[in-house]
Amino acid sequence: MIIETLMAVTFVGSLVAFIAPDRYAGELAFGISALPLVGSLVLYSRFDGSGNALMDGGQLAFENSAEWISLGAYSLNWHVGLDGISLPLIVLTTVLTTLAIVSAWTPIDERQSQFYGLVLFMEAGLLGVFSALDFFVWFVFWEAVLVPLYLLIGVWGGPRRKYAAIKVFVYTNVASLAMFIGFVALVFNLPVDTFDLPTVAQSLNAGELQSPSWTSASALKTGAFIAMFAGFAVKVPVVPFHTWLPDAHVEAPTPVSVLLAGVLLKMGTYALLRFNFTMMSDVATANAEIIAIFAVVSVIYGALLALAQQDLKRIVAYSSVSSMGYVLLGLVAYTTFGVGGATFQMLSHGLISGLMFMAVGVIYNTTHTRMVTDMSGLADRMPITVGILIGGAFGYMGLPLMSGFAAEFFVFLGAFRSGTISGAPVFTGVAMFGIVIVAGYLLFAMQRTLFGPFRLDTDYEVGRAPLHDVAPLFALLLLVIALGVAPELFFDMIRDAVNHIPAVEAGVGGGH
Amino acid sequence: MALFELPEWAALAPTFVLAATSLALLVIDSIDPDSTNRPMLAGTATTGALLALAVTGWYLVAGVGDPNGRGIVSLFGTAQVDGTVFGGQLVVDQMSLLFTFIFASVTAMVTVASYDYLRGHSYQAEYYSLVMLAATGMSLMASAASLATVFVSFELLSLSSYALVAFLKKNRGSVEAGLKYFLIGALSSAVFVYGISLVYAVTGSLQLAAVAQAAAGTELVGVLGLGVILVLGGIAFKTAVVPFHFWAPEAYEGAPAPISAFLSSASKAAGFVVAFRVFTLAFPFETFLDLGVDWVLAVQILAVVTMTLGNFAAATQTEVKRMLAYSSVGHAGYALIGLAAITGSNSEIVLGAGMMHLVVYGFMNTGAFLFVALVEYWDVGRTFEDYNGLATRAPVASLAMTVFMFSLAGLPPFGGFASKYILFMGAVNAGFWWLAAVGAVNSALSLYYYSRVVKALWFEDPSDDVGKVGIANQPVGLYAAILFAAVATVALLPAFGPVSDTAVSAASSLLP
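Chains as they are written, first to last, in the numbering used here: chain A, 1 to 512; chain B, 513 to 1024.
For reference, chain B alone in the conformation it holds in the complex (with noise of 0.2 Å):
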């Protein structure tokens, strides 16, 4: 029916995108090095991330991806499976677009943001373009059908994310957050690179479903067996699983906070992506439990352990943006158990419900680390008492950071409620109810510490500090990021069924 057939490139064209973007920015400052033209560079990189985000939801709803509709694209001819590009390098499907679809809106978020929250700043298109980049990067670990492009998309993402992190470099917390994450990052890619090299070892191949057929039957059950350990490690850390999850308090605390959204939610949804991808094709859990490398039951210890850490940690924390920050490693220990359930009946919904709960997540945990943004843009302070009674002054954007709470919390009405609920209802059709039971009390506890916020911005007595007089500066760019996310927060749990329909059909074309 279509007028004319796009090349099978196009379909990677939301990463191109966004590539795009970032080089635009560096030659819109090379024309003029000596001035910050902040609307220019903002306005560039939204405008980046918001048509990569329409050229995403276009393919989407045109079905490109989908085994059903225009069929899955990959790239530089096929493998052994349907539709990958670069020799079954890269592939297009449902799944890389639904986080693709994630990466942009955080990106157009927090660049949206950061329009308020640099003003003041040098090297400010340098910034924009690490964003982008790091966007590609992720865009493309959504696409990564290979170790050797999963690692290079991979270290694409990380090299931006620590000079973004430590970006504030007059700040002492910021450059410090740089060096701890840049020498664990450095560290766990080495051991990600490694494991990768055990599995060639063991396979000769890079190609996930290639190393999933030569894996089968292999004699090497150890070499294999500690590659897929060390490749889980190296996801761990991206992910902020515990025990790999000490650098994320330290990098989101010390990061500009538009960074912390930033890292805390894409970034985090990208290692995710990779995980999902790699241990569903790569490393299947039949033929791999037939070995003996039962990585599911690590997998389960991993989920349980950083949900409840996670959340127990959050409990204790001072101040707002550490919160986050634990949290943000509880909701890794959620989605984990859309991997860890894989075993049981129907587990195209439960690995599904962990791809609705980071789509959702992506938009409550980046307008909560955007709210600590505006936060600290009116230099009120970090700690849960510095934020009592915002709402006095604030009303509307404490509106929206009660709506991140509780549907963090997993509270109706909102969209954190439908994509917990389908996550512990799929974990329990699919027999790890006991998932499910530690996911739910984790879920009831982290309700503690989220109406600590609520409590805060709303029923305490505003304090006489002078730094509050500030607050009568609405920034623009801030507030519209973060009503934003607050309206997809809102908006997400009607409109659930077409987040649900995708992520549901991009599990089942991962799984036999």
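With the rest of the complex left out, here is chain A (with noise of 0.2 Å):
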């Protein structure tokens, strides 16, 4: 009961947040979302989960299970439970919501208690989507996070904010329809009377599927598979279905940037993994070379459009269409290493580009520009807040002792010597010219902005910036260092769980 406890705070919690008064909504909502930031520290603590929660042999960590709707056949349940998968994604969340909403102290100021209610409301909604494991109920929150983003790039956004709203919740919405149709057809088609994820998983790796009056059993599988990997591929992004994300990243404000690239961008990554890579996992090996290619033009396709950018907040942007990439590469290598270092990857690129975007943030708070070519020398003015930014940029470039090294090498190691793509080292060559383009964006831009004499045209004081912008930035540095030296604080769990997805446990990538 404990995540159903976490929820139902941070629910409430959002509720009290929006119908507090603007003046202290800040402090009000930092306290309330502490509560969940503590309770998933607790489930860190006491997990004893192990194994896959979709698939049998292991055991779920505070599962909890009950029918919620029953209709002739199908039974709808509630059904929530956390593995060595889910876990860290719960903890990525809370820590990121809470250090966003200290971050959004100075940016926000006006509505401020809508603001935060909002951003306490698409945590829950959060949460739930990384404990859920029926799919009606992943469903809702999945969907239920999208109201909440829609309305905070809507009203608190920049210039363009109304455009870039819509054209979110019109992406994703469309997406949804066909990861749900693909995912429908599916369960329709199986031996199964409810919609429960570990009993669709386990049907569909024992072959249990049927044809379908209208085609066979493995086109449909197809079918549905290119549907939900359309559907989830819009979320991560991965290039060509990117373009939602930059116009949403540039007009969002800061706090909502973060949390977009931080957790929002893992969904999709996230249910690629637990979807598509888990159950259908005989289809994505057959096209192994197909999704690859997706993976390597993601990195190498989203490095260059940063590199191209003038504007800091799109450069970081880009860099995460890049950092996703590699992300789909771990996951199709199929090795322990492969997708466990893309889920690892997950987390570390949620806390490094959570960074960025809030020393970006702290930056513009200050100098009112985003522009590369608008200033030079801001290490002068602001050293604490340039000293780790390029603490963030080093963890981007994958500087070893940062988690950025541990989560992009152990891709490497994983996808390099994979079984599943034919010409693996090929395809990890080229994915590894990616961190090159990385630095060279990041060094060059930060060469510009950062060092050489102190230039902006303002007529205002460009001094440092208060403790707690700064506060949020430090904690996640602390963070990206320490899951760096030790990634096995969280990579032993990812590992437990990624080693029994029945494809990897078969060896099929080739072990390691």
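Because the hints were derived from the structure by calculation, they are not lab data.
Positions of the beta carbon are idealized from the N, C-alpha and C atoms, including for glycine.
Possibly wrong hints are sitting among the right ones.
What the hints assert, rightly or not - Here are some of the chain A residues that sit facing chain B, going by a computed Cβ distance under 8 Å:
id	residue
1	16
2	19
3	68
4	71
5	72
6	106
7	109
8	111
9	114
10	144
11	154
12	162
Stated by the list, open to error - Chain B residues, not near chain A, derived (Cβ > 10 Å throughout):
id	residue
13	522
14	575
15	638
16	675
17	684
18	691
19	692
20	799
21	802
22	804
23	908
24	914
25	966
Got two chains here, separate frames each, mind docking them using the hints?
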């Protein structure tokens, strides 16, 4: 019942924050968000799960199941539980939400209570997405996250906020519809009477899919795989489904960008791992090269796009596309380190991209510009912020002893020898080149903006950022380093869950 | 086990409560006709509605009308079917109680909201009395088991509604709407009663089950078929189904907004409960298909046309109230799927889903119209542009309206998602995937015009309208009703189990 309590506390807290007076809404929201944060740490410390949530042969942590709606033959159940893949994401959600709320104290200066209420509502939805184990429950939360996101971008965003909000809303809703149809078509042709994800996954892996009247079982499975892949690829986003992302990031207020890049993109990769790559690994391995091409194109094209940008926020946004490409490459490798590294990259990228967006936000709060060409020599005026930003950028580039290094190293290690992708070394080698481009644009942008003589055409004072702006940055940097030094804090449980994915267990990717 | 047995007529207690409240209001008014005690009148009406609601809820929980519980109650002696009253003129079963639950809830919300809306109007006692009379008519329609009682209760509802629509008699729009509603209503009543007379001429019976028995093997197929079509037309008028819908936008727009809420939610549901009962009991499709009277086909066409036309018309509106009126036409199309897919397998689920949708609709649509009432109370204006930026002034009410809009569009995490989901899944399971497809596409399109309201409320900047000064005023009654509807719309998702159980059980007792 701990998970339910966490969600309920967050949901009720969001209502309280929504109607609180604007004056102390930020502090109140911080206090409320500390509750799920502490709760998730309790979950972490008392985690006793093993195995994969969707598969037999393990033990779900904090599992709870109860009938919700029964309809003739079908029953919809409330079913939640955590395994080594979902628990890290739950912790990521609560940590980032709390820090994003603190980082919102400066930039959000109107309708604060509504802002924090919606952020907390989004957090409640995210907790549900990562813990639900029934498709119906999961889908409710999946969509529930979208409503606050739409309002957060549309109300508190930049000049083109309405366009960006509607674009996000339409893209992701159409994607959800495709995914939904794909999954339901599968379930209706399985000998199961429930939408329970473990039941469905085990039935699919046992090869129980029946042929519908209009096509063969394998064609149905491939069609459903494509529909669901496309649906989730929008959320991730994978090139060429990524066009909503830069608009959303640039227009969203910084705290929302932090959550969007840090947690919401992980919904897509998490769903890909749970649905496509765990339930239909045969389709994934049969088309591994095509998926690997999507992955590598995302890595390289995303990085090249980032290289071409002048807006710091756009640079970070496009580099997220690139980083998510590594996740996809790791998933399709089907090795312990490939899939495990991809999962670890979700966690690591959540922290690093959150750090980068927050740092850009802090600079923007002071300078009121994000254009690389507008400023130089910021290190002179904001030494601490700049120091942390440099730390985060090195994390992005994969400096050893930071989480980005561990994650990308695992992915490359796993993908290089993968047996599923023919020509795996080539794909991996090309993807590695992405890191060079990342280093290129980050170093270039920092050199232009942070160093050299101070120059910024302003009529206002550019000084140090307040403590509550810098503290979350510092906390994130510490976490990034901690995970880089000791990845086993999470990687052990991730590896356990990943190893129980049937295709990984069977060694189709070649063991490690 | 019961300590004492209630007499049979006590099953109709909710209806008696509603009727008694109506009379009590007239008595109160006749004691002191010259003064208007608003709290007294609104309080009496609301108490009556809540009492009826409580009794209905108690009966539902206690298993009254449940064939597996206390059994279906039929008044005035039993006819051919078990459990009917008045020689099978009235019946109390789960369906009648479920719909009475809708009527009583909507009535309670409307009377609470009218407390503020009617401030400064005369003839308030008559207003509340007519509302309660209309509610009595509705609950009688839910219980009517013979064409005679159907017609009488139908007229009780209609005559009260005509007067209510024209209640703002100094407002040209209201009077015009009332006149249109009356003229078209009178015509359709004539059509309806003529249809009943033709059915009686062929079968020699008015009691629903007796009609079905007598119809089997009749030679007067043409006359019977014409009668069925005319009855269908009469019901289509009450439920605002295309092509009998054109009164609805006019009436809803001109009527006082609480009455629009009342008519578009409760009165529509009343039309549907008659349709569900008459077309399953009196005109069972097996018998009528053998005769060559394929009313199912007619209903399927009506459903598709109504969904599509209602949605497209709604998308082109510039006024929120008119948009809601057309959206209400579209929702009649969704509910018709319940009847249109009745020939398939597992049809109790899809028929039950039609009822579930009307339950959820009763809350979300009432709430949406009451928000319009609130805006009219503030005298802000009617178009989408007039709603711009209302969230900055009235965040809580705007959040409630957002809930209604997204729930009407069928997005999670609101009740409208569950009912639409089950409705479309039920249609697919019954073999009518094309009905579900039309419904799903329309549902996706509807997001366009519902999100326009959300966009106006939240994203747009408020205009400097002088009328907005009044927004500081937060009328207690309207707020209470809107918040109640919003909470119910959200809570119906987690609490959907009892609703779906009752609806499916009610549907299966109608089907052979």
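Checked hints:
1. 16: violated, 12 Å
2. 19: At about 6 Å, which falls below the 8 Å cut-off, the nearest Cβ of chain B leaves the hint on residue 19 of chain A intact, so it holds.
3. 68: holds, 6 Å
4. 71: Holds: closest Cβ of chain B sits about 5 Å from residue 71 of chain A, inside 8 Å.
5. 72: Result: holds, 5 Å to nearest chain B Cβ.
6. 106: violated, 21 Å
7. 109: violated, 14 Å
8. 111: holds, 7 Å
9. 114: holds, 5 Å
10. 144: With a minimum Cβ separation of about 4 Å from chain B (threshold 8 Å), the hint on residue 144 of chain A holds.
11. 154: Interface hint status for residue 154 of chain A: holds (4 Å vs cutoff 8 Å).
12. 162: holds, 5 Å
13. 522: Label holds. Min Cβ-Cβ 31 Å, cutoff 10 Å.
14. 575: Check passes; 18 Å lies beyond 10 Å.
15. 638: holds, 38 Å
16. 675: It holds; residue 675 of chain B is separated from chain A by about 39 Å at its closest Cβ, greater than 10 Å.
17. 684: holds, 36 Å
18. 691: At about 41 Å from chain A, residue 691 of chain B clears the 10 Å cut-off, so the statement holds.
19. 692: holds, 37 Å
20. 799: holds, 25 Å
21. 802: Holds: least Cβ distance 27 Å, greater than 10 Å.
22. 804: holds, 29 Å
23. 908: Incorrect as stated: the minimum Cβ-Cβ distance to chain A is 6 Å, not above 10 Å.
24. 914: violated, 8 Å
25. 966: Non-interface label on residue 966 of chain B violated, nearest chain A Cβ at 8 Å vs cutoff 10 Å.
Violated hints for the displayed structure, listed by number in ascending order: 1, 6, 7, 23, 24 and 25.
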